[in-house]
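K.L.:
These are the residues of each chain, in order.
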Amino acid sequence: MRVVYAEPQRLLRETMCEALRDLYNLEVTPTDGELDTTLLQVARVRPPVVIASSVLHETLLDFCDRLREQEASPRLLVFDGIGSDERLLHAIESGAAGYITGHGGLVAVAGAVAALARGESVVPPAMLGTLLRRLIERQREAVQAAERLVALTPREREVLALLVDGRDSAGIAAVLYISPETAKTHVQRVLRKLGVHSRVEAIALVATTGLADRLERMVERSAS
Amino acid sequence: MGVWGGERVGAGLAVLTADAATGEAIAHTCRRRGLQVRVLGSDVDKDVRAEVLLVDRRSEGPPEADLRRWAEDPDLRIVALGDPTPSAPTVRYDAFVRLDEGLDHLLRAIATTERTRRTLPTVSSAEAEELSVRERQVVTLLLAGLDAGSIAAQLSITENTVRSHLQNIASKLGVRGRAEVAARALKMGFVPGEVDQGM
Chain A
78 MRVVYAEPQR
88 LLRETMCEAL
98 RDLYNLEVTP
108 TDGELDTTLL
118 QVARVRPPVV
128 IASSVLHETL
138 LDFCDRLREQ
148 EASPRLLVFD
158 GIGSDERLLH
168 AIESGAAGYI
178 TGHGGLVAVA
188 GAVAALARGE
198 SVVPPAMLGT
208 LLRRLIERQR
218 EAVQAAERLV
228 ALTPREREVL
238 ALLVDGRDSA
248 GIAAVLYISP
258 ETAKTHVQRV
268 LRKLGVHSRV
278 EAIALVATTG
288 LADRLERMVE
298 RSAS
Chain B
10 MGVWGGERVG
20 AGLAVLTADA
30 ATGEAIAHTC
40 RRRGLQVRVL
50 GSDVDKDVRA
60 EVLLVDRRSE
70 GPPEADLRRW
80 AEDPDLRIVA
90 LGDPTPSAPT
100 VRYDAFVRLD
110 EGLDHLLRAI
120 ATTERTRRTL
130 PTVSSAEAEE
140 LSVRERQVVT
150 LLLAGLDAGS
160 IAAQLSITEN
170 TVRSHLQNIA
180 SKLGVRGRAE
190 VAARALKMGF
200 VPGEVDQGM
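These protein sequence lines map, in sequence, to chains A and B.
Just so you know, the first sequence maps onto residues 78 to 301 in the working numbering.
Just so you know, the second sequence maps onto residues 10 to 208 in the working numbering.
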C-alpha cells in the first residue's frame, strides 16, 4: 500500500520509513513535513493514507483541508510517538481520521494505516474516554453559550454581532443610529448577560463555541 | 550471543523509550547496519547489559534512580535522544542525538561513544586546555543543567558575564549555541557540575 509520511524530524523520518517499508510492506514516500512538498507528493503518489507527525499540530487543520481537496482525498493519520490527550483532541478536531501513539509498536501503526484505508477511524481505546469527555464538555459549553445568546434582546444581539465584527462603541452607534452612550450601555448589558468581563471575552465566547453563524442568522431573522 | 544474559559482549545497543514504534524503527535500521539491538520499555527495572544505552528523553523517561544506577557503570555509554539541554544533572550523558539529525548522526554517535570508551580522558583534552579556568567552570555548570542566571549566582558573577563566557567558549570550541557547547564538552570529558575551586 502507498503511504505518504510527513515528518520534519529527520531521524524519525528515516527510521520509521525504512522500518515500515521493510517490515510491513508499505510503499512509504517521506516528506519534510512542509504542506506544499507533502501535497506535491500526494498528487504524485495518490496514496489512500497520509501519515503526519504530531509535531505538525500547528498546520494540521490546513493539512486536513487541503488533503480533502485532493483528487484521491487521502485520509490523515496523526502519529504521536509519546501521545497526549491535548494533541489527540486537536487532531480529531482538525479533521484527522485517525490518531495513533507509539506505545503499541510498529504493528499498531501499520494496523492503523490499514484501518484508515478501509474507511475506519482510529483512536487508541485507552484515550477514547478522555476524548469523549472533552468533546461532550465542549458541546455543553456551546449549548450553554447558545442559551445565553437566546436570552439577549434582538437589539443586544445586533450589538454583539457588531462587536464580533470588530466595531467599537462609536462604530456600533453609527450603524444603529443611536448615541455612543446608548451603544455603551447596550454593550455593558450584553457582557453582563453573557457572563463575561470584557469585549474580547465576549468575542472569544462567540468564536470558540462556534456561534458566529448562529448569531448572524438570528440578527438577520429579526431584521426581516 | 549472550548480550542480555548478564554478560556484556559485542556492540550491544539498548533503546530505552516509551514510544515502542519509534524504538522498533530505530532498532530495525541499526540492526540492518550490523548492530545488536534490544528495545526496552521505559518501566524497565532489569540490569542493562549493553555497550550503549540510547535514552529517549522526549517523555517521562525511566526513574531517575534507574538511570543513575546505570550511569554508575563506567563501561556503559549513555546517549540521549532528543532535547540536547541537560536537564537531568544527576545523570551523565556521553553524547546527545537530536531528532532532526539523521540516522547517520545516530550511528556516528554510537560508534564514537564506543570507541572513546577506553581512551576518553577524564581530564581535559587539548581543546579544553585552551579554555580559561572560569570558562571551564561555566562549562561544567552548564553541563549540570544550570541556566545563565543560576551559573552567574553560583560563580558570583553577572549573567551578562556568563553569556559572554559562553560565547567565547563556543567560538573557542568552534560550535554554535549552548546545546552544542554542552554536547562538545561531554565528548571532551567534562563532568557535570564539578567545579574545581582550586583551579
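Some clues are possibly wrong.
[As the list claims (entries may be wrong)] According to the in silico footprint, chain B covers these stretches of chain A (three or more CB under 8 Å from chain B):
(1) 81-88
(2) 164-170
(3) 215-225
[Claimed, not checked] Calculated from the model, a selection of chain A residues having no Cβ within reach of chain B, i.e. all distances over 12 Å:
(4) Ser-130
(5) Gly-158
(6) Ser-161
(7) Lys-261
(8) Val-264
(9) Gln-265
(10) Leu-292
[Stated by the list, open to error] Label pairs and their computed distance ranges (CB to CB):
(11) Val-200(B) to Ala-149(A): 53 to 59 Å
(12) Thr-170(B) to Asp-245(A): 28 to 34 Å
(13) Val-200(B) to Val-220(A): 58 to 64 Å
(14) Thr-170(B) to Leu-117(A): 35 to 41 Å
(15) Gly-206(A) to Gly-186(B): 55 to 61 Å
(16) Gly-186(B) to Gly-196(A): 44 to 50 Å
(17) Arg-121(A) to His-114(B): 26 to 32 Å
(18) Glu-163(A) to Gly-186(B): 48 to 54 Å
(19) Asp-290(A) to Ala-120(B): 55 to 61 Å
(20) Val-184(B) to Gly-272(A): 53 to 59 Å
Bear in mind the hints are in silico, worked out from the structure with no lab data behind them.
Keep in mind that this is a model prediction, so the values were computed, not measured.
Glycine included, every Cβ here is placed at the ideal spot set by N, Cα and C.
K.L.:
Hint by hint, where does the structure go against what was stated? Just the numbers, ascending.
P.N.:
2, 3, 4, 5, 6, 12, 14, 15, 18
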